[in-house]
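Engineer: Residue strings, one per chain:
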Amino acid sequence: MSDDQGYDLSQFKATYFEECAELLAMAEETIARLQEGSGSDEDLNAVFRCVHSIKGGAGAFAFDDLVNFAHVLETALDHLRSGRVALTPHMADLMVRGNDVLGDFVRAAQAGTALPPNHGADILAQLNTLIGGEQTTLKPVLATPPTAPPASAEAAKTFHISFRPAPDMLRTGNDPLLMFRELAGLGDLSLVVDRSALPQLTEMESSRSYLSWNATLVTSKGRNAIDEVFEFVAGDTAEIIITEGDAAAAFVGEAEEGEGWGLFAPPPVETHPVAPSAPAQAAKPAGTAPAAGGDAVHTASIRVDLDKIDRLVNMVGELVITQAMLGQQASGFTVESHPELIQGLQELSHHTRELQENVMAIRAQPVKALFSKAPRLVRDLSGKLSKQVRLVMSGENTEVDKTVIEQLSDPLTHLIRNALDHGIETPEERMAVGKPAEGTIHLGAEHRSGRIFIQIQDDGRGINRERVLAKALEKGLVERGQQLTDEQIDMLIFAPGFSTAAEVSDVSGRGVGMDVVRKNIQDVGGRVVVQSTPGVGSRFILSLPLTLAVMDGMLVQVGGQRYVLPLTNIVESLRPTAQQARSLVDVGEVLTIRGEYINLMPLHAIFGIENAITDPTKGLVVIVETEGGERVGLLVDELLGQQQVVIKSLDSNFRPVQGISAATILGDGRVALILDVSALRQMGALALAAQ
Amino acid sequence: MQNAAPAPEVQTGGTRQFISFTIGDEEYGVDIMAIREIKGWTASTELPNTPQYMRGVINLRGAIVPIFDLRSRFSGGLTQASARHVIIVVSVHDRVIGILVDAVADIITVSAADIQPVPELDHHDHSGFLTGLVTVDGRMVALLDLHQLFDIELVADAITAAA
Numbered sequence: 001m002s003d004d005q006g007y008d009l010s011q012f013k014a015t016y017f018e019e020c021a022e023l024l025a026m027a028e029e030t031i032a033r034l035q036e037g038s039g040s041d042e043d044l045n046a047v048f049r050c051v052h053s054i055k056g057g058a059g060a061f062a063f064d065d066l067v068n069f070a071h072v073l074e075t076a077l078d079h080l081r082s083g084r085v086a087l088t089p090h091m092a093d094l095m096v097r098g099n100d101v102l103g104d105f106v107r108a109a110q111a112g113t114a115l116p117p118n119h120g121a122d123i124l125a126q127l128n129t130l131i132g133g134e135q136t137t138l139k140p141v142l143a144t145p146p147t148a149p150p151a152s153a154e155a156a157k158t159f160h161i162s163f164r165p166a167p168d169m170l171r172t173g174n175d176p177l178l179m180f181r182e183l184a185g186l187g188d189l190s191l192v193v194d195r196s197a198l199p200q201l202t203e204m205e206s207s208r209s210y211l212s213w214n215a216t217l218v219t220s221k222g223r224n225a226i227d228e229v230f231e232f233v234a235g236d237t238a239e240i241i242i243t244e245g246d247a248a249a250a251f252v253g254e255a256e257e258g259e260g261w262g263l264f265a266p267p268p269v270e271t272h273p274v275a276p277s278a279p280a281q282a283a284k285p286a287g288t289a290p291a292a293g294g295d296a297v298h299t300a301s302i303r304v305d306l307d308k309i310d311r312l313v314n315m316v317g318e319l320v321i322t323q324a325m326l327g328q329q330a331s332g333f334t335v336e337s338h339p340e341l342i343q344g345l346q347e348l349s350h351h352t353r354e355l356q357e358n359v360m361a362i363r364a365q366p367v368k369a370l371f372s373k374a375p376r377l378v379r380d381l382s383g384k385l386s387k388q389v390r391l392v393m394s395g396e397n398t399e400v401d402k403t404v405i406e407q408l409s410d411p412l413t414h415l416i417r418n419a420l421d422h423g424i425e426t427p428e429e430r431m432a433v434g435k436p437a438e439g440t441i442h443l444g445a446e447h448r449s450g451r452i453f454i455q456i457q458d459d460g461r462g463i464n465r466e467r468v469l470a471k472a473l474e475k476g477l478v479e480r481g482q483q484l485t486d487e488q489i490d491m492l493i494f495a496p497g498f499s500t501a502a503e504v505s506d507v508s509g510r511g512v513g514m515d516v517v518r519k520n521i522q523d524v525g526g527r528v529v530v531q532s533t534p535g536v537g538s539r540f541i542l543s544l545p546l547t548l549a550v551m552d553g554m555l556v557q558v559g560g561q562r563y564v565l566p567l568t569n570i571v572e573s574l575r576p577t578a579q580q581a582r583s584l585v586d587v588g589e590v591l592t593i594r595g596e597y598i599n600l601m602p603l604h605a606i607f608g609i610e611n612a613i614t615d616p617t618k619g620l621v622v623i624v625e626t627e628g629g630e631r632v633g634l635l636v637d638e639l640l641g642q643q644q645v646v647i648k649s650l651d652s653n654f655r656p657v658q659g660i661s662a663a664t665i666l667g668d669g670r671v672a673l674i675l676d677v678s679a680l681r682q683m684g685a686l687a688l689a690a691q
Numbered sequence: 001m002q003n004a005a006p007a008p009e010v011q012t013g014g015t016r017q018f019i020s021f022t023i024g025d026e027e028y029g030v031d032i033m034a035i036r037e038i039k040g041w042t043a044s045t046e047l048p049n050t051p052q053y054m055r056g057v058i059n060l061r062g063a064i065v066p067i068f069d070l071r072s073r074f075s076g077g078l079t080q081a082s083a084r085h086v087i088i089v090v091s092v093h094d095r096v097i098g099i100l101v102d103a104v105a106d107i108i109t110v111s112a113a114d115i116q117p118v119p120e121l122d123h124h125d126h127s128g129f130l131t132g133l134v135t136v137d138g139r140m141v142a143l144l145d146l147h148q149l150f151d152i153e154l155v156a157d158a159i160t161a162a163a
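As you go down the protein sequences, you meet chains A and B in turn.
When you number the first sequence by the UniProt record's numbering, it's gap-free, plus one each residue, and the end is 691.
When you number the second sequence by the UniProt record's numbering, it's gap-free, plus one each residue, and the end is 163.
No lab work stands behind these hints: they were computed from the structure.
None of the hints are false.
Cβ-Cβ distance ranges computed for the label pairs, FRET-style:
(1) R61/B with Q388/A: 57 to 65 Å
(2) N49/B with R448/A: 24 to 32 Å
(3) G608/A with A83/B: 23 to 31 Å
(4) Q482/A with R61/B: 44 to 52 Å
(5) Q682/A with G138/B: 50 to 58 Å
(6) T15/B with E474/A: 52 to 60 Å
(7) R61/B with R480/A: 47 to 55 Å
(8) T42/B with E406/A: 33 to 41 Å
(9) Q116/B with E487/A: 58 to 66 Å
(10) K39/B with D552/A: 27 to 35 Å
(11) E474/A with K39/B: 49 to 57 Å
(12) R171/A with R36/B: 46 to 54 Å
Ideal Cβ positions, reconstructed from N, Cα and C, are used throughout, including at glycine.
With the rest of the complex left out, here is chain A (with noise of 0.2 Å):
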């Protein structure tokens, strides 16, 4: 057993690691719900048993700085849930902070350096305080003999405790010997063994549990505390009776006969040194943890790399074409000549959307992951900057693709950075314009028309326009004379090379721009919008796709080209009469449909597509919303039919094309370009004004 302990640790550990991370996480969220006063008892426990969690596989693995502090940090989660410490602002804060340094040893641990000796000393100071200068250090209770209960702590009780494991715990990880070492470090533990229920050799299955212990233990710690050992089995695991009584021990008498036993028990805690953990022990968190924070909740999941999903994506996606491809062939069969092939392939087409969907809803991931670092942030921030700040949080729960996740962070924490710094004003100052003294940031996801929108909005000042345009002068952005709607003026802290600040500051001045949180967003295929008003406070709209790899288009041709136009920029197509098409001075062509004016875009003019039709009565006019919600008619000659399109990028071999936000093949094997629609709209715009 020994022999492959080394090989198979480091996979343990790896499992270890990437559970400690989600705990870790787990955690913090359920502290910040805390904080908020809407946490519950519950909460409390969860967190308790995420650092316990923790604590348990770093034993294992014989992280000594990492279990130190979990230790503490468990106790004083332990003191808190039992009432003992009242749970103020502080107490949370200090919680969010041990949290974050919990966090730094794991992650220590994980890259196998060291930190400072003092690591979180302060934390652990104030901790200790916290819990009365109890005992807090682990490493007495592994090295001395459990006979040295705390001498200042309340009166000794003794407990009785009958443990009958379930036949079938060894199989989910729990092991016996680690919980009566627990047991054992809570006060003086005699230990019987029974081994009635043991079958002949012949009969015994290695992994079943045969044995049950009665146990009395003499502690100071109170029922809680023995609770907490048997937290993980308590149920359906074992049978666990728990007695209080001041009798002596019924028990100890016979523990010293306890001799022979069983072949694959643990040998008794007070003769047992405290050996390495073997990989059973090891595997320990894999089995105990999930079950640890989701607590009733069974649902049952598996750890897939995510390159194997990845690989499965694009296979799909390389389905959809041929889908589309053996569509295309068949298009010329009716169901009267063909009707087995028609219906096959309706039903082929019917199963791989759902395929997709679904394997798409695989590296869906809620947002959550993404929200959860924000109240940190905020707190931290709004301490910085002395701003009283309120952070909601709504659709939490929305699911977009893993990599959007990842791709999003870095410019949701700026965006939230820049509402704190430039946004929000500071207390005095709010006062004096009417506004309450806490600012509010909102942090909002929602699901609409198959895109994810994303918005973080404060009722602070607002973009400073005056300032953002004089700035914009002087380096150059703008040209002097130039006339810009609020809206573009607006737009401007985007631009390459922009930057309010008028001083960086430690908070907002980090060297990225509002440029490369655009960047960013586009890079994942979403657009960034802000609307701002001044006094009001400014909201940042981010508008992102729901998946990266396959989309609903409309197949338009214009010229001799094909382009798909994404389906939920659609609102509708019509060919319009002479009435309802104009060309008016300075606007370009206009179109009136049912007492709306809208500006009709010839897109052969801004593409400059030659052969294309050019009277807006003889083609098509497909009207379009942009994420702005503003609507556009986009003249097209004649729409050609929807079809599912895999999105192809155009960067990977080239560079983006404005106008044009990915790239598809059709079902002929050709190539058709996607159009981004306000990208579009911009283009239009600029072309008009160089008229």
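Since chain A is already given, all that's left is putting chain B on it; use the hints.
Structural biologist: Just chain B now, kept in the frame of chain A:
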């Protein structure tokens, strides 16, 4: 490999191999190691608002590959592409791109010593793309530095796109 010249040993320290191709009467050579494949011309999809020598994109087994017209790039007018024209697919700067040429001529092996420097020609703006000249069977072959050519290409385009 029909050239009768006594070919120096392949892959020895001092020799390099090139694929040579023609554009009109001119012959150019590209390092064989950069070449991914050679295929016949297939109709491409034009990209709007790109330079004339950018002939659009094609589908190369699922990848979107941009095609550059080398004749047009060297200011020789647009190639009237037909099925007899050839796309040389090369890998440059981690990108896969295709260059449209008239025909593939030869595989040539030259030793470093035979590569002549390019004379300074004021009126030619693309001499920076040429790494040298070699004479093979009395024909002059201009060796192209694709990295140089397409680095400038892509970067310059990217700048104009951003502006």
